[in-house]
Amino acid sequence: MTGAHGGRVLEGQVAVVTGAGQGVGAGIASALAAAGAAVVIATRRAANGEPAAESIRAAGHEAVFVRCDVTQAGDVEATVAAAVERFGGLDIMVHNAVAHAGRPGGVQFTRSDMIRPQIATATTASFLCARASLPHLRQRPGTLILLTSPAGVEGSANLPVYAAVKATQRGIVKSLAREWGPHGVRVNAIAPVARTPAMDAAVSANPDLETRLVARTPLGRMGDAAADIGPVAVFLASDGARYVTGQTIVADGGGFLGL
Amino acid sequence: MSRDILVVGGDDPATALASELSGNVLHVAPEAEEVDDGFVDGVRRADGTPVDGLDLVVHALYPQQSRTPARIDEMTESEWTAACDDPLEAGIRLARGAHRHLTARQGTIVFCVPLVGAAGAASFVALSALAEGLRVLARSLARSWGSEQIRAHAVTLHPSMFLAPEDAAATAEATALHDPALGRLPSAAEIAAVIDALSDSRITAGLTGASLVMDGGTWMAG
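As they're listed, the protein sequences go chains Y and R. Heads up: the first sequence at position 9 corresponds to 9 in the working numbering, and the numbers run straight through without jumps. Quick note, the working numbering runs 259 ahead of the 1-based positions in the second sequence.
The following block holds chain R by itself, in its conformation from the complex:
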């Protein structure tokens, strides 16, 4: 039986991962404020039928406001809310809504987060806050849902998967002492393969609450 996968988020990395993950992939790109507790129940397959059980949920919902550089003293409260608070709440509510669907399949939820959360980045304070909030949300879900055999992880990705090329380059230049140890960054296919493995109970049934850093060995942040 093919796996049912829900990928949530517009642009990359969500779009790139949706095309590489193995299974029946439903890719939705809502605005953050559209994600309420009933959001997952409202997702429809291509044939119009509702989702009824999920093997894998991949969260990569980062609004453009989160990806736009802004110094904190130049941000309005509404800009902060759109960049951090709204998508954080969306992540929490996505998890709430996904719970029963994951329970049905003993599934896995994976949060893709930018490395700016772990390493810090000037002009991306809101994105950093959002990333760390989601990364630790994954740990909390792992702790509370483990007894139901639902697993939860965070996969930390290079800023280039989230930011405009010039912003990603500037962030890496300002924060990383090293070039990627592998000499390159992982491809979307390689990241998707790891996420597929994280949700494959034949391989990773004993793994939950992990924070995997897939940046080619640039920061090696924990």
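The shape of chain Y in the complex, shown without the other chains:
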């Protein structure tokens, strides 16, 4: 995304994006990089993190891969430190990583061992990302963006734990916006619906899902991670959103209109 006069609106800024090896995270990372930010691709697996970084570099932008398990405080702190050391600071912290939600079904059918990992990856990791990034975001001042979900607003019959942990991130955004506003640090959330490998898997398991999703979407299509969701992150990180904090931007083609 470029500015109204063709300038790269995030030129000189530094971003960390967790879970950026594929899907929405990769789309956001590439959009931030195209807007001028140097990007740290923070993922657990080099197998997708390194190619994501290479793809951005091949397009002529700056990106590095750093291995990061977002549920581990040491990993998150080391990732932020690597961004600061490599690029000289941190302006944009994006927490997008998400745990596997398991087989769809009511909460009583959710596998017991799949509850805590979802809490850890969404909720605990949001805390860890916020705490690790604040000292650097205060200096710029920068912005924190959490990736939530429409399910975190309207609930989900079949992914109730996922919906709950995504809702916690909206609570974090609202209260952190109040807590960090005096520092000039903005905090917002994006609730996207986009075609991702995870969505492809869900559609594969339930072929009617895409038809139903598109049918309830006024814009009549699934979002694209880079072209549709990435620019929302660029906007929230840019000076154009300097008076926007504590908000959840639902980027789902208009499917959910209940806010």
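No lab work stands behind these hints: they were computed from the structure. Treat the hints with care, since some could be wrong.
As the list claims (entries may be wrong) - Which bits of chain R does chain Y cover? Going by a derived footprint, with three or more residues having C-beta under 8 Å, they are: (1) 330-344; (2) 376-384; (3) 388-397; (4) 401-413.
The C-beta atom is built at its ideal place from N, Cα and C for all residues, glycine as well.
Once you've looked at the hints, dock chain R against the given chain Y.
The following block gives chain R in isolation, referenced to the frame of chain Y:
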């Protein structure tokens, strides 16, 4: 036949509501980490008999760590876990364990959540996260259990029902533009009456997944 009601949580609002709800009220105040999938099965009536079917489950389990102000950069990971992650998991596991008991009575589950989740509050990020997680859990339960005629709601309450008076006052001062439209906050008896109504199928059989804000008309948050 009198209704069987389970109220889960120590301190207010759980304690205040337990004394005001109408029916056979079982009030338990476990630690968050004590609530596992079999927790409801393990609850005993005063005469020692196990619970076998519930008309209403009221969740208001908020550990002291959730109610204690702390800026996020001053919190340890274990403090965060105790304030948010553990009680969130407890809420999820309470719902899992309550399901068969609610099925038996076509009952209702109500989550009481503090308004800091909807309105935000500095120094209460963990409580805010927990509140929003539970509020949306209620919606998810409403969606997935509706076909079994189990209903689920969230009732959002003024911070004064959860926080120390000075913290509640500071939070309201920092976040609310308006005084309560009714000139006062609702009493525990008035809140209990609404929860009783939410679980009374003669009155609210067509209502599920609601988020009712009972703050006297202070925030009027959705």
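These are the hints, each one checked on the structure:
1. 330-344: holds (count 9)
2. 376-384: As far as the segment 376-384 of chain R goes, the hint holds, because 9 residues have Cβ atoms under 8 Å from chain Y.
3. 388-397: Holds, because 10 residues of the segment 388-397 of chain R bring their Cβ atoms closer than 8 Å to Cβ atoms of chain Y.
4. 401-413: holds (count 4)
Checked against the numbered hints given earlier, this structure breaks none of them.
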